[in-house]
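Q: Chains R and X are the protein sequences, given in the same order.
For the first sequence, counting from 1, position 728 maps to 728 in the numbering used here; every step adds exactly one.
Positions in the second sequence are counted from 1; adding 753 to them yields the numbering used here.
Source of the hints: derived by calculation from the structure; they are not laboratory data.
Any given hint could turn out to be false.
[What the hints assert, rightly or not] Restraint-style ranges between C-beta atoms, simulated for each label pair:
{"hint": "1", "chain 1": "X", "residue 1": "V926", "chain 2": "R", "residue 2": "N290", "range": "52 to 60 Å"}
{"hint": "2", "chain 1": "X", "residue 1": "G947", "chain 2": "R", "residue 2": "R95", "range": "53 to 61 Å"}
{"hint": "3", "chain 1": "R", "residue 1": "S424", "chain 2": "X", "residue 2": "V926", "range": "27 to 35 Å"}
[What the hints assert, rightly or not] Chain X is nowhere near these chain R residues, computed Cβ spacing over 12 Å in every case:
{"hint": "4", "residue": "E35"}
{"hint": "5", "residue": "D83"}
{"hint": "6", "residue": "R91"}
{"hint": "7", "residue": "V262"}
{"hint": "8", "residue": "E319"}
{"hint": "9", "residue": "P320"}
{"hint": "10", "residue": "T487"}
{"hint": "11", "residue": "H708"}
Beta carbons are placed, not taken as given, at the ideal position from N, Cα and C, and that holds for glycine.
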Amino acid sequence: MNIEQLTNRFFELVAPDQPNSWEVEDAVLPLVDSEKVEAVLSQVPVIWPISNSLCYNYLAQVTGALSCISESELPAWVNATLDHYESGGLRAAQRFMIDVERNFVCHMRGESGARLQDIHGWLLPYVQGLSGGGLELAPARAPYTDTGTVYLPQELKVFSREEDNILLYKLIAAYQWAFCRIGTFFPSFTGKFGNDAECSLQNFLRSFPDSALAGRLYHTLETLRAGFFLARELPGLVRMSRDIRRRLWDAVHGAKRRQMFVLGQLDQACCLFDAVPAVELQQPVTNFVNRLSAHHAGAGDSLELCQLLYERVAHEGEEPAEPLVFQGELHLSAVQAAREQQQKIIGEQFLEALSVHLLHLPEARPLLEEQMEKGEGGGRADGDRAIILEHQAEPGKENAARTLYLKIDNEATELPEELRRLVSDLHDLGVNPERYITSAVGRAGQAMARGEGGESTSEEQVVVSTQSYDEWDFRRKGFRKNWCILTEREIVPLRTNFVSATLAKYHGRIVRLRHQFEMMRTQERFLRRQRDGDDVDFDALVESLADTRAGLPPSDRLFIRLRRDERDIAVLFLLDMSNSTEGWIGTAIKESLVLLCEAMETLGDRYGIYGFSGMRRLRCETFHIKHIDESYTDEVRQRIGSITPREYTRMAPAIRHMTSLFKTVDARVRLLITLSDGKPEDYDDYKGEYAIEDTRHALLEARSAGIHPFCITIDRHAHDYMAHMYGDVNYIFINNVAKLPARMPEIYRVLTT
Amino acid sequence: MTAKKNILAEHRINEKPYYLQTDQEVTIAEAAYHQGLPILLKGPTGCGKTRFMQYLAWRLDRPLITVSCHDDLSTSDLVGRYLIRAGEAVWMDGPLTLAVRAGAICYLDEVVEARKDTTVVIHPLADDRRELPIEKLGELLAAPPEFMLAVSYNPGYQSVLKDLKPSTRQRFVSLAFDYPDPDHEAEIVCREGGIEPDLARLLVRFAEMTRSLRDSGLAEGASTRLLIQVGKLVGQGIDIRSACRAAVTQSLTDDPELLAAIDEMAGSLFG
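Kindly generate the complete structure, drawing on both the sequences and the hints.
A: Structure (C-alpha cells):
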C-alpha cells in the first residue's frame, strides 16, 4: 500500500474518531511497502480506543518487533503491551515495546520473570497452609508483612529462568511467614530490658541515635534467625533454594558486600546459613550464628545482639547495603496499624457483647438507669462502679481456666464464655479491657433509653402480609410472645439487563452446570426384590427357594426394576439484604442467584427465594423474589436484578417465617439455605449472644419441623458463631466472594446428592 | 457349630493392635460395654475409628465382626437367610446374628450409607431390650451381656439425604474422634508407617497445612491414614515426594490450584 492508501485505511479503522491527518501519515510511514500491513493494522482497533498515543507508538515500533516475532505472535505482544500500559502507563508500555527480545521473546520461551498474578492461585493456599489460614497475599513494591498480609512484588526477574523466580517467590513468602511465626515484630522485653508493658520494638529502635540503622541491623539478625527456623520447619524449601541463594550471594548481593566486614559477613550468613561450617566466618558473626541458630533462640537474643552490632558498625563506620531480596523490608508502622485494626475489631466485639450482657443483667439495672438519666449524650459512666476481676487460682489448680468476674457496685457475676474469650484476646493484643467497661455501660444505657418503638418508614414496596413472631430470650429461657412484627413485601422490579449480562458473562459455566444438574435430575438405579420388573432378581429367587424348602411361604418379590429416582426436594433460599452486605450484594450474590436459578430450572427441584432485612423488632421485613411454586419468569429475573441493600440483620423472624411457609409445602426433603455475610444484629439491643441464641433457637424450631437449615457465609469471623448457630457441618464459609457464583450451585449439588 | 466357631476364631483379635488413646475414649467405651450400651463413633475419615474398635475388641477379649455398610445392604444381609445346601434349606446367620449369638462386638462401619429401612433392624438391639427379632426363624434372640453394638460415621460436610435419624442416633453413647495432637500423630505415623520420627514429624506438619485449606475449598485435609500410606510407600523405596503426591495430594483434590499448592507444601517440607 502507498501512504495515501494506508492513511485512508487507518481512518476507516479508527472511525468515528478523526485524528490529524499529518499525525496519521507520520505514524503509518514505516508501513509503506511492508508485507505484513494487514496483520499490523488489524491491531489498530484494539489499541486506539485505549490510547491514541500508544497506538502511534505501536506503529513506530511494530516493524522492528516483527523482526523478532511472527505475525501469529503479534496479538499476544499487543496484549502484553496493553497490560503494561494499564499497570504502568504509557512509559511502561513504551519501554516494554522497545526491547522485544528481552521483554517478550524470552518470556515466550519461559526464560524470564515470574508474575504474582500467574501464581497467586496456588501461592495463596500455600501461604494459608503455612500460617494455618491467618495470612493473606497482596502485591507491593517490595516484600514485607504486617502480620495479617504478606506483600510481594508483582513481578520478579532476578533470575533468567521463570522457575527460579517462582522458587524465589516461595522463599520470600516463607521468610515473611517466618517473621510472623518467630515473633520478630513483638519481642518480649524481659530481663535485661526490663518488664515494662509499654516497651515496644519501635521504642527500642528509637533509643538508638540512628533508629533506621538499628532497624536494619535488627531485621538482618532476625533474617538469620528466621533462616535457621525455616531449616527446621521447611527443610525441603531450604534445600531446594540453596542454589538460588548461593547465586544471589555470588551474583547479586556479594559484590557490594565483599568490601564490608561485619555486615557483609552477616548478610553472607543470611544467604548461606545452611552451609555455615563450610562458609568461613569470623567473629563476631560466628557468635551471632551460634546464638541465633539455637532452637530456643528468641527475638530477645536479636535485640541484645543488635546493641552489640550497632556499636561495632557505628565504630567502624560501615553502611548497610540494600536488604536481601528474600528479607524484604521492616514496616513497623504497618504492623502497628494491622494490630490496631485487630484490636479495634476485637474491642468492638467486646464492647458490643459486654453492653448486651449488661442490658440483660439484673445487677446492672441501677447503673444503666443512671446512665439513661444522663441522656443520649451521657457517654461514659463512672469508672470505678464496674470492673473486671480475675479469680485467684486455688493452690494446686493453677492449670484451671481463668475465671473472670464482672463486679458492679460490689456485686460480682461470672462473665459468660464469649466475653471471657474476648477478654483473653484483648489481653493478647496488649489491650486493657478495663477501659471498655465504662463505654459499654454508656452504650447499654443509651440502648435502654432508646428501647422499643420502631418508627415505620414509608416504602414504595407493596405490603403482602404482616405477621407476628415470638422471640427467644435465652436468659429467661422463654419466649417474648408476639415480640416481632414481620412484613412480607414485594420488590419493585426495575428494568435492568443484569440477568442477561450475567448469563452472557457465565455462559460457559452455565452450559456445564446444566449438564451437571441434568445428570442429577434422574438417578437410575436397580430396585431389587420387586413384585414385577424387567429382570429376575436371582438372589431373591434363591432365597425364596430356600425359604420354600424350609417350609416357609415363598416371597413374590423376585424381580429387579429399573427405577428413576424422583427427587422430592423443596428448598427456600433466604438472602441477607442488610446494609452490611452492600459491598457484595451488588454483584456476587445476585450473579449467584442467577446461576442458581438456571441450575434449579434444569434440575426440577422446587425452590423459592426471599430476602430479609429490617430495623427493630416492629419492622422486620422479608422480600418476595420467587415463591416456591412460582415459575421462573422475566418478572422474577427483574426482581433479582432489583435487589438492593437494606438495613439490619434480625435473622430469626425471617427464619421463623420461612418455617411457616414450609408448612404448606409437601416434600420429602425440605432445605432452608441462608446466604449471609455476618452475625445477626439489629439497630436496638438485638446483638451479641442474645441475637445468636435467638437465631439458633429459630433454627432449632425449623429442624423440629423437619427442615434442614444450612448457611453460606462470607463473614471471616463466621467460625466464631456459625458452628453454634447452625451446627459444625451445616455452614460453609466462602473466602473469596468472587467465587460465590461458581460455588453456590456446586454446594447445592453436594448437599442434595 | 464347628464352622461357626471357626468364623468366630477368625474374628478374634489375637495380637494387641497399636492404638494410642488421646482422651478417655477407651475408658468410656469400656464403661458403656459393661453397662450394655451401644457406642457410636464419629469423626473424619482416617482418624482411627476402626483401629479403635480393634483395640477395644482385643482389650475386652471379644471377637469383632465388621460390616461395611452400603446402599444395597438389606436386612437379610445383616440378619441372615436360608440357603440351599445338598438339597436342604439351611439357615445361615448374618453377621449381626452371629455376633449376638456369640456375644461378640458387631461394628457397622459408615452406617449412614445403608438405607434407613435397613438401619432400623438394629433398634431393638440398641436400646434396653437388647434383642434381635429373626422373623424367618420365628426367634427372638436375646443378646448376652458380652455382646456390643458399635456404629461409625463421618459427620463431615455431607448430603442432607444421608443422615442418621434422631430415633437411631439417640440410642447410642457417642464418641467423637478427631486427628490426634501433633506429637501423638507423629508417634502413630512413625510406628504404623514404619518410618523415622523426624520424617513422621514432617508428615504431620504436611497434614496440618492441608487441614488449614478448608476455606480455600478443601473439605477435608489429609487424614492420619494417608500419612501412614506415605510411610508405607517410602518403606517400599518410593521417594518421599512421589509418595506424598500419590498417597496424599492426588487423593485429596482434583482442583489444579489446590493440587499445585499442596505439591508446593510437600516440596517445602521434603525438598
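Q: Holds or violated: 53 to 61 Å for the Cβ distance of G947(X) and R95(R)?
A: Holds, since G947(X) and R95(R) (Cβ atoms, about 58 Å apart) stay within the stated range.
Q: Please verify that the nearest CB of chain X lies beyond 12 Å from H708(R)'s CB.
A: violated (4 Å)
Q: Is the Cβ of E35(R) farther than 12 Å from every Cβ of chain X?
A: holds (41 Å)
Q: Beyond 12 Å from every chain X Cβ: check whether that's true for P320(R).
A: P320(R) clear of chain X: closest Cβ-Cβ about 29 Å, beyond 12 Å.
Q: Could you see if the CB distance from S424(R) to V926(X) stays within 27 to 35 Å?
A: holds (33 Å)
Q: Beyond 12 Å from chain X, beta-carbon-wise, is D83(R)?
A: holds (21 Å)
Q: May I ask you to check that E319(R) keeps its beta-carbon over 12 Å from the closest beta-carbon of chain X?
A: holds (34 Å)
Q: Looking at V262(R) again, its CB stays over 12 Å from all of chain X?
A: V262(R) is indeed farther than 12 Å from all Cβ atoms of chain X, at 31 Å.
Q: Are all C-beta atoms of chain X more than 12 Å from that of T487(R)?
A: holds (30 Å)
Q: Compute the least Cβ-Cβ separation between R91(R) and chain X, then decide whether it is above 12 Å.
A: Holds, since 34 Å exceeds 12 Å.
Q: Can you let me know if the beta-carbon spacing of V926(X) and N290(R) is within 52 to 60 Å?
A: Check passed, 56 Å falls within 52 to 60 Å.
Comparing the model with each earlier hint shows a violation of hint 11 alone; every other hint is respected.
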